[in-house]
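Protein chains in written order, with the numbering used here: chain A, 43 to 283; chain B, 157 to 239.
Derived from the structure by calculation, the hints contain no laboratory data. Only a predicted model underlies this, so the values are computations on that prediction, with no experimental measurement involved. Do not rely on the hints blindly, as some may be mistaken.
Listed next, with one range per pair, are the computed distances between beta-carbon atoms [unchecked claim]:
1) B:Glu223 to A:Asn275: 17 to 25 Å
2) A:Ile151 to B:Glu223: 41 to 49 Å
3) B:Asn221 to A:Leu135: 55 to 63 Å
In this text, a Cβ means the ideal position worked out from N, Cα and C, and glycines have one as well.
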Amino acid sequence: MMAINWKRYERQIILPNFGLVQQEKLAKAKILVVGAGGLGCPALLYLAAAGIGEIGIIDFDTVAESNLHRQVLYNAKDIGSNKAIVAGEKIALAYPDCEVKTYPEKLSIQNATEIISSYHLILDGCDNFDTRYLIDEVCKQQNIPWIYASISRFEGQVSVFNLPDANGIKAYYTNLFADKPSNESLLNCAEAGVLGVIPGIIGNMQALEAIKVIAQIGQPLANELLTYNGLTNQMYKTKIL
Amino acid sequence: MTTQTHINIHVLAFGQIADIIGQSTFTYSTPNTLLALQTKIENDYPLLSKIAYRIAINKKIALENTELHEADELALLPPFSGG
Chain A
43 MMAINWKRYE RQIILPNFGL VQQEKLAKAK ILVVGAGGLG CPALLYLAAA GIGEIGIIDF
103 DTVAESNLHR QVLYNAKDIG SNKAIVAGEK IALAYPDCEV KTYPEKLSIQ NATEIISSYH
163 LILDGCDNFD TRYLIDEVCK QQNIPWIYAS ISRFEGQVSV FNLPDANGIK AYYTNLFADK
223 PSNESLLNCA EAGVLGVIPG IIGNMQALEA IKVIAQIGQP LANELLTYNG LTNQMYKTKI
283 L
Chain B
157 MTTQTHINIH VLAFGQIADI IGQSTFTYST PNTLLALQTK IENDYPLLSK IAYRIAINKK
217 IALENTELHE ADELALLPPF SGG
């Protein structure tokens, strides 16, 4: 049995559907967060706070002033520094129980299999289709579930891919969108704009899905796509397969 | 000669598709197959044919051409890309 810091995690251990067994599962879990941006920052904070044992952070990008309204791990002094390194330092300082590994590089065909296969679960906080299709492909090959999310202005999508649903059916991102859209056909946050709190909400939904998958509680969004609209507070959920 | 049946369906438009159509929920009169609906709606809103999207019928992604029924709920779901 692992030594769990009871005081730190007491309020979630006493939950009726949670307990020491689930807390130990979190402590043994290794999660890779791809992209330490608008989705990655809140997900990282809440995963580390919940007691995830090991977190990997991969991001090649550097902090810019226009990131600060939504990428809440960073401040003005971090501008110009690599996001994975800065996020890793802050998470390690705030949550000493969590082992943090940082990869200040781009997830690529060359490094994806080696990096992804070191983790139990992948959380996709990226902002481009090349990376998303690469995560989908490598997670399928390595049989690793992954938590998808993405933002379009006031809306967010969330799903859990490569995890069997109640009927044993696993969906992949390619079941939803078989062909990679060109990045030009869709607007990213830089062009479309984004209200900072929207990735805050959606990144936290990803963290919750990750905790549910690791602790084996509730019904994760396996084979389902959830869309949240922040302006209307409407949620729409559809089966994928 | 066969006459195609027209029905009214409820449409939910997400992301960029709501921008293209100009509203996120509306009732739409359409012939009663998915292919005919796509042809009609892309004719009404030509920008739709330039982006990828999937259609869910009554909260399940439609895999192929299928018959539509009066009062079906259709969701037009584009991929999102922001992170």
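A quick look at each hint next to the structure:
{"no.": "1", "hint": "B:Glu223 to A:Asn275: 17 to 25 Å", "in the structure": "violated (33 Å)"}
{"no.": "2", "hint": "A:Ile151 to B:Glu223: 41 to 49 Å", "in the structure": "holds (42 Å)"}
{"no.": "3", "hint": "B:Asn221 to A:Leu135: 55 to 63 Å", "in the structure": "holds (56 Å)"}
Figure legend: structure checked against the earlier numbered hints; the only hint not met is number 1.
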